[in-house]
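Colleague: Sequences listed follow chains A and B, in order.
If you count by this note's numbering, then the first sequence holds residues 1 to 643, one letter each, in order.
If you count by this note's numbering, then the second sequence holds residues 1 to 172, one letter each, in order.
Hints listed in this document are in silico derivations from the structure and should not be mistaken for laboratory results.
Being a predicted model, the structure only gives us computed values, none of them experimental.
Each residue gets a CB set at the ideal place from its N, CA and C atoms; glycine is no exception.
Be aware that one or more of the hints could be misleading.
Derived DEER-like restraints, expressed as beta-carbon distance ranges [what the hints assert, rightly or not]:
#1 B:Ser86 / A:Ala440: 40 to 46 Å
#2 B:Val57 / A:Asp333: 54 to 60 Å
#3 B:Gln59 / A:Asn257: 54 to 60 Å
#4 B:Arg83 / A:Pro476: 34 to 40 Å
#5 A:Gln471 / B:Gln59: 30 to 36 Å
#6 A:Leu363 / B:Gly115: 51 to 57 Å
Listed next, the stretches of chain A that the computed footprint assigns to chain B, with coverage defined by at least 3 CB atoms under 8 Å from CB atoms of chain B [stated by the list, open to error]:
#7 324-331
#8 460-467
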Amino acid sequence: MAIKIDVITDVAQAVSGTGKLADKYNDVSDALMDVARDGDTAGDKIEAAFRDGAKDVTKTERALKEAGREGTRAGDKIEKGLHEGTTEARKMDDALDALGKSGTKAGRDIGDGMDKASQETGESFKTIKEEARSNLSETVSSFRGDAEDIGQIFQDIAGGVVADLGPTGLVLGAGIAAGIGVGIAALQGLSEQATADKEEIIGIAQAIREHGGTFAMESAIKGMDDYGDSIADTKEWWEIFQQEAYSGWEVLRDQANKTGLSMSEMFSGRFGNDTALAERALAKVEDRLKSYTSEVENSRRAQREQGERVTITTKTMEDQIRVTEETRDKIKDHIKEIRAAEEIERARREAIKGTTEAIKESLDAEREKTSGASSVIDAQQDQIQTQRDLADAIKEEGRSRDISTEAGSKQVDLWQQLVQVKNDEIDAMIQSGATAPEVASKYNAMYSSMLSQAQTTYGLSKQAAADWLTQLGLVPPEKVTELRVSGKDKAIADGKEAAKKEEKPVDLTVTGADGVQKQIASLPSDVPVHVGVTEQGTVGMTQAAIDSIHGKDVRVGATEEGTARMTQATIDRIRGHDVRVGATEQGTARQTQETIDRIHGKDVDIRVNVPNLWAVQQALDALTAPRSVSVTVNEVPGRRVDH
Amino acid sequence: MGRFVAPSATSSRTFRAVALALKLIPREVRNDINRTTRAVVNPLWRDAVNSRALTTVSQKVLAKGARVAPGNPLTLIAASSRRPLSGGLVPDAQARVFEFGTNDRQKVAEYERSGRRSKAHKVKRHTQRQLPWRNDKGRVIYQAAADVAPRITSLWVQIIVRRIYEAHEKGQ
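Next up, chain B with everything else stripped away, as it sits in the complex (with noise of 0.2 Å):
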């Protein structure tokens, strides 16, 4: 499995004079950016999350509201619906650890509880069953984004590179 990496904007002239330019440049300059930024990114991004989404619960958790927010860096979203499954989970709030997993997914609880009907008695449960193992490069979003974070950073820059050119060009 790869490992996004995520590198630093003082590591390369490159990223550091994108970043500045963002700063730098008029709104409406940067606007278009975004603009262009969001309609060719997105589609990218969305893609790379659905084909790593394979269950279901990766679909319903970690693929909804897959978008990317331009700005500065640009940054690459996914889990961030708010609307509770039929159980109550809310991705937003709880995504990351269906995308992480758990230590110990054979973890038993012993609690207890109280029906209407019967006394207060103990019952044995395993509470993380329905979590994946334990993954710290990410099972989904961040598969998804070492798939496709290069290629999509390299897009942004070029972007903003053309973008910065054109506006040149029309003002000529």
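Just chain A, same shape as in the assembly (with noise of 0.2 Å):
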């Protein structure tokens, strides 16, 4: 067993422990909500889960004591193994393997751990409330580092997810706050950010200053450089955080209300790298914007006619107007700042054009192409861990799918999870570029030896079988009835239906005229065919062969193998017919010009092997006219005997 560490525990016993699936939501999502409130804190919080979780030293301690006493003992039997002087490298694996074993309770100090333990990490748990703050930005920016692949991903299996959600509370309350949480990390992140800034640009005045105020291009350009690496990621969706005063999420939250734009073009107008997004937006609010005015223009109008009543709803509109208008400057000059972006972009490429970075970046960019096929790799690796995980569930605990105990419960879950990280292949595959058929045939091959699984190791019935799956989550190949068609799909189908209208010949091997006709009944009438009757039998024989054959081309092959005389009887029989005959000289060219002679009123293909030239020339000069001669020359090496 390779060396596996979870890095939280006793996950079961927080699953079980919270009653009915579902008072679980609402669990969750204030959970949830907790955790991204609490942004500034969540660092804090999640120190402390550390420190709490470690509080009874003396179990983990005696643990330990018993592992290295595990250790002793397993060393004793390693060497008791060589005492014996067996070679059996089977019993040293166990030997090991029992260390090993004793080893998986070292290590760690699981949940419950302690005081000492705390101490010894001390140094882990301050880092940890850094960690938990620092990666909020990172995991917004490792988002940003794949948008594509990930946004690809999204649009593909996030259609109709939220409808799926089940209870909206989960939904709105672990989304809403995610969002808050992100932002006021981000928030902190960004005065990081300006401090960093500041500091660069203190530099870069310091640097001018030390000489005596002129600015000196080689020390400068240094200063220039680290602000420029402080500044290049500030072109992020978060900077409106640096802005405004409270969270960005409810300024956010608030334009797309006062706006009318969704979140999501609220977002990509203001903080996408998509120009055509942002412009679409910016359109959308343009449009807002006067309808606004002209229904202000009306209420104004109406508060004239009908006095004070209307003034609130005037003010509203009039407060949508500024807020609308100030997202509208905003988008524009995000556009702006997108074109620049652009620009400097195209103009770094222009620079950098056959330098090494030039290089390194299509290197990149290849190898972020090849992303996909390692994680079909990963998945791959995940399924293999899995099915090891399900083995070793299974021999340690007896077959169980009954999830109220914790064999099944565990069983199940690694159930869940092949199908799972099967379907993660299936996934990986489509994004890295397989054809249909391909992920069709591996889709099939995937879900029948899952049911042969589950049949065999639960015995279950094949239907019984199929519907367990199903319920874990695994479609039946036969509700897959769309796969995404890549290109080269595309390209093949096209060549398919290309291959139809231009009516190629199609080929068949029947034997028997009865089954010939049979073929050829069944093809479509505009399908030409083209039948060879190869003449085996009597010439009889290959007459009746060809007259039943009926509304078809037939070409009959003679073969001379006997005489001149036989073949021309052959020929002469065949009627309504074109006959070939291919004379193949086995004697001399005199005999094979007799036999061409004899021959009447076809063409004759002959085929001549002769050793060297002279004799290819002999051979054609005692053929008489008329012919057409093609010589195909294979040298044959060899080496030369002086006698």
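The two chains are supplied separately, each in an independent frame; assemble them into the complex guided by the hints.
Modeller: So this is what it looks like as structure tokens:
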């Protein structure tokens, strides 16, 4: 067993200890909301979890001591093995394995740990807090890094997801809360960023002052570079949080409400990288502005007519107009920024053309492309691992699917994981550009192997196993009606279409005239069929065969295996069809000529094998015109023998 | 040397929420979380293990097959290679003794052997010299986990939270 470390323990306990499934949604929602709401204190909380998680010193220490003793015993076993002069590696493995198993107890302090451990890990506790904070921005930027990938995946799978999410409490609670949390953390990250910027600028100023106020290029360039690096990533979506004093999420939500944009439009308008999307958002905002303005006009008119009663409405509208105008300006600014960034990027590309930097970029781009294939491998690795875990679980606890028992629950969990990683693999295949037939055949193979595994493991009927797999989240292959067609598939499909149009002849190999006729009948009438009749029996049989094939061209190949007379006789008696005669020169050229002379009215193909040019010339001279000659020279390497 | 601490999911609302959330969210979102986790956490974990695996033996036995298995909970895996080394040692099966060492490296064993040309005779050999000294905290993998588990755990929690949020946003 490989070494495996769970980053948190007691998951099963945590999950099972919360009553009915339905009750859990609120629980999760609340807790996730907390995580996010306490963006600034989330680090403290995670730290506390690590610290509180460590209570029972003696228990852990005992486990470690035991592990130590086990280790010694395992060592003894190895030794004993040697004593007995055994060469069986297996025993050695067992002994090492025993040692290994005890080792699982060592190394970590499980859940209910201790003060002592917290002293030892004091340092990591300190870092936990920092990590928890810095990771928030890391999380966001890591999505940025492969935004295209993830965006695509998400667009593919997230359509309608929310509708399926069940109680909206979970979705709304967790979602909005997460936004706030991420926002706050990003704000923190940015104030650090701002501090860093300030330092860089001070550095540049310092450099200028040191040089008596003259801007010496070489010393300033370094400073500018550093400054450039430090502001390089500020063109990020959370930029808003730098400008606004209160939570960026609230600002956004407010703006979205007042401008009538959806949150995603708001995001792409203000923080996205896509000019087109931003422009679309801008157009929408401008539209909205027009309609607001005309509404205000209308209500002003109404106000004039009806007095004070409509004042409040007008104020709200004016507020909406103000926010919409602000948003419009900000989106415009953002579009300018994107354009500027694009221009800078273009200039940069121009500048690095032909340099190693360009090579590096194209390498990175290539690597990005292959990452899909690499996730296939990851998914396969996970599968193998999960299968091993399942096998281990079954070996240790026996077969069970009863989720009220611990063993059964664990196994069902593993099955769920297995289904998940298999689905992952398919997703990854699709992502890496596999063709639809490839994906379909992989899916079918995967499904049937899972099905038979479920059947044999738990002694289920095929139907029961299939139902169970469906419950676990594996879609039966017959339900998979739509597979993504990549460019390659489309080309293949188009090719098939083209082949049909060209009406290519169809080659059939059927024995017996009846069989041939049946085959022909089964084909559409506009498909040309060439029937080749090989004369193997008598001429009469051949003719009968030909006569019995209706409505199609028949080509007869008469092979001169007997004498020329026999061949001629064959030809003469086959009526109404082309006959090609192949004369194989097996004797001399004269014999061949004689053969040919005695075949009337037909082309004769002659194949002559001769050892050298002179012989070729001789063979040709011996034949009477007209003739067409094609010579294929096969050179046979050898070595000269001197006598 | 640091000690790796795995907090209990029952010890914090956050962890409990994450564990539950992974159970409850739809498969698509969960898959996406797993995919992101794998992409983001794998390099962190591999780097951590590689930076701790300083000896050739550690590199060949312990650092082989370092990867993360996203799931509930996230699992850090190392020494998962099943390909035997040239001497026949299978990292997957025997890595633990290299991670945690032995209590008695000096141990000498006497055993009988016989060759093709010699009669059976007794020889004395050190049998555990190739193993490191006993270390309860682990030498490479658990040390690497102590280095990065807080970071990874925190990152994992945030990926889950953020992905759920994004699923929400996309569906809006």
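Colleague: Name the hints, by number, that the structure is in violation of.
Modeller: Structure breaks hints 5, 7 and 8.
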